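J.: Take these sequences, add in the hints, and give me the full structure.
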Amino acid sequence: MNKFVLRFAAIASLTTVIFMWSCSGKNTTEISNETNLIVKKIEKENVVMGSAVGSAGITPEQYENFEELKKNASKEELLLLTNHPNGVVKCYSFWALALDKNADLFSIVKKHINDDTPVETQFGCIKSTEKVGDFFIDLVNPKYENSEIKKLSQAEFNQLDSLLIYKKNNLYAGYDAIENAVPTEYLYPKVRNLVIKNHNQSALVTLSKYKNPNDIELILKNKAKDENPESGYYSTYQAIQNFPDLRFIPFLEKNLYQTLDNDHFSGEWLELYTAIASYKNQKAVELLKVPFTKVQHQNIKEYHIKFVYEAILANRCTLYNDLLWNIWKNEHIITLEGFEYLLNVNAGKVLELSKKELLPAYQIKTEKIVPKITKSIFSENLEETMLNFILLNDKEVAYNIIKYKITSAPVNDFEMYCEKTASLKNPYFNDALFKRLKSADNPYIYLPIVETLISFKDKSINNKILEMRKKNKNMNEEWGSDSLDEILKKNNIK
Numbered sequence: 005m006n007k008f009v010l011r012f013a014a015i016a017s018l019t020t021v022i023f024m025w026s027c028s029g030k031n032t033t034e035i036s037n038e039t040n041l042i043v044k045k046i047e048k049e050n051v052v053m054g055s056a057v058g059s060a061g062i063t064p065e066q067y068e069n070f071e072e073l074k075k076n077a078s079k080e081e082l083l084l085l086t087n088h089p090n091g092v093v094k095c096y097s098f099w100a101l102a103l104d105k106n107a108d109l110f111s112i113v114k115k116h117i118n119d120d121t122p123v124e125t126q127f128g129c130i131k132s133t134e135k136v137g138d139f140f141i142d143l144v145n146p147k148y149e150n151s152e153i154k155k156l157s158q159a160e161f162n163q164l165d166s167l168l169i170y171k172k173n174n175l176y177a178g179y180d181a182i183e184n185a186v187p188t189e190y191l192y193p194k195v196r197n198l199v200i201k202n203h204n205q206s207a208l209v210t211l212s213k214y215k216n217p218n219d220i221e222l223i224l225k226n227k228a229k230d231e232n233p234e235s236g237y238y239s240t241y242q243a244i245q246n247f248p249d250l251r252f253i254p255f256l257e258k259n260l261y262q263t264l265d266n267d268h269f270s271g272e273w274l275e276l277y278t279a280i281a282s283y284k285n286q287k288a289v290e291l292l293k294v295p296f297t298k299v300q301h302q303n304i305k306e307y308h309i310k311f312v313y314e315a316i317l318a319n320r321c322t323l324y325n326d327l328l329w330n331i332w333k334n335e336h337i338i339t340l341e342g343f344e345y346l347l348n349v350n351a352g353k354v355l356e357l358s359k360k361e362l363l364p365a366y367q368i369k370t371e372k373i374v375p376k377i378t379k380s381i382f383s384e385n386l387e388e389t390m391l392n393f394i395l396l397n398d399k400e401v402a403y404n405i406i407k408y409k410i411t412s413a414p415v416n417d418f419e420m421y422c423e424k425t426a427s428l429k430n431p432y433f434n435d436a437l438f439k440r441l442k443s444a445d446n447p448y449i450y451l452p453i454v455e456t457l458i459s460f461k462d463k464s465i466n467n468k469i470l471e472m473r474k475k476n477k478n479m480n481e482e483w484g485s486d487s488l489d490e491i492l493k494k495n496n497i498k
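Just so you know, we're using our numbering here: the sequence shown kicks off at 5 and counts up by one.
Hints are computed from structural coordinates only; laboratory data are not their basis. Please read these numbers as outputs of a predicted model, since none were measured by experiment. All C-beta atoms in this analysis are idealised placements derived from N, C-alpha and C, irrespective of residue type, glycine included. Treat each hint with caution, since some may be false.
Listed next, the in silico PhoX-like pairs over lysine-lysine satisfying Cα-Cα at most 25 Å (straight line) [unchecked claim]:
no.	residue 1	residue 2
1	K213	K172
2	K353	K379
3	K201	K215
Each pair of labels, with its calculated beta carbon distance range [claimed, not checked]:
no.	residue 1	residue 2	range
4	K287	T125	44 to 50 Å
5	E423	E149	28 to 34 Å
6	Q262	I200	24 to 30 Å
7	A351	F127	20 to 26 Å
8	E221	K379	46 to 52 Å
9	W483	N285	45 to 51 Å
10	K147	A351	32 to 38 Å
11	K213	F127	31 to 37 Å
12	E481	K379	40 to 46 Å
13	S459	W483	18 to 24 Å
14	L470	A351	42 to 48 Å
15	E371	E234	43 to 49 Å
T.: Structure below.
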């Protein structure tokens, strides 16, 4: 098709949209002048914005336009505006309708599963571009909680997924529906056809769930378009995770060895390692060990090891436990999820590694112990969970850790140690607190220290705080000084 024909088709398409809007019961004459003025303001800004945008979280003028639309437009007008030529107007109109608990949102969404009009959006600091149909579907998806917005019922959403699978569309939700589809005999030929004819990557992942040997060659030959000759296998690796047939092993091994000389990491590597880990056999162990010694660039090695760690946690197996211990002990990679898993494997070993993790000078002991474990040790913070576990089983080492951390912990971790010190109410930590206070130049360090010291309710300690403030000029500058004044005043310290 030449450029002239394409341009003619585009003009014809635009003319059709305008004609439909003006002559098919959806014309601007059915919209009040007041509503039309609001619509024009929304069109001019042409971005779907939330109530708070940017780092300061201000309410943008565009959201105020939306508030006006909600207040002034009737339900009938909003229904008409969901078919407006401008995508942002469509989105705000549907959003307004979604606040009406009696609105028939399902019928509107169904009419827009082919609406791939792109719209720019901004919520908070996040700017993105999405399609109108995807915006509609996400807004009423029952898995996203929002008490104000009416959601589709699960039955309606399941029916919508079915429509997205069987009706041709270009929405992200369509790919999502295919990938999350429950494999059925009826669905199989449709999914396989999508892979063969459309090269649909989401369909490939769903096809793998059938574990049909006839699809092995199809999976092996799959490669999405990518400028990097080593990439394009993201969905292939996901498919193998669902269908870990031994005939895929040579392919995975070849691709693994191709990564070892790369000087940039790839997000596909996590899927590659997860595919390998899904086999849960000795060959998988052998391949998962490769990056520990064979990666050429040490700065890239850490990415390989982190991906191996995540892949193992996603495919937990006793065969991989030694690798997990090794990654923690030698690479210092540990997450709360991994901590809890290993705690059930060998709590004594976890206790010793936790001590070493928080106190580098600690020498690990090899004798076998059976430590106490209670629900109270667990926190959303991994470091706090480790410390609680140590406090429960070895108070002396725990106190040494807290003292060490008070003098050395970075800002992000410091407050937790101050809170722990205040709760223990032990003068053992006072020297360390004053030592850090003496040179602290960050309000997020010296303010928690002062509050912790005041919590001991000791007049001599309070006097020492005042003396320290005279010596440390950082405690008398900008907002930190004002906050310190308030803390001292609140506690009647002069």
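J.: Hint by hint, say whether it matches the structure.
T.: Now the hints, each set against the structure:
{"no.": "1", "hint": "K213 - K172", "result": "holds, 22 Å"}
{"no.": "2", "hint": "K353 - K379", "result": "holds, 19 Å"}
{"no.": "3", "hint": "K201 - K215", "result": "holds, 20 Å"}
{"no.": "4", "hint": "K287 - T125: 44 to 50 Å", "result": "holds, 46 Å"}
{"no.": "5", "hint": "E423 - E149: 28 to 34 Å", "result": "holds, 30 Å"}
{"no.": "6", "hint": "Q262 - I200: 24 to 30 Å", "result": "holds, 27 Å"}
{"no.": "7", "hint": "A351 - F127: 20 to 26 Å", "result": "violated, 43 Å"}
{"no.": "8", "hint": "E221 - K379: 46 to 52 Å", "result": "holds, 51 Å"}
{"no.": "9", "hint": "W483 - N285: 45 to 51 Å", "result": "violated, 59 Å"}
{"no.": "10", "hint": "K147 - A351: 32 to 38 Å", "result": "holds, 36 Å"}
{"no.": "11", "hint": "K213 - F127: 31 to 37 Å", "result": "holds, 33 Å"}
{"no.": "12", "hint": "E481 - K379: 40 to 46 Å", "result": "holds, 44 Å"}
{"no.": "13", "hint": "S459 - W483: 18 to 24 Å", "result": "holds, 22 Å"}
{"no.": "14", "hint": "L470 - A351: 42 to 48 Å", "result": "holds, 46 Å"}
{"no.": "15", "hint": "E371 - E234: 43 to 49 Å", "result": "holds, 48 Å"}
Hints 7, 9 from the list above are not met by this structure, while the remaining hints are.
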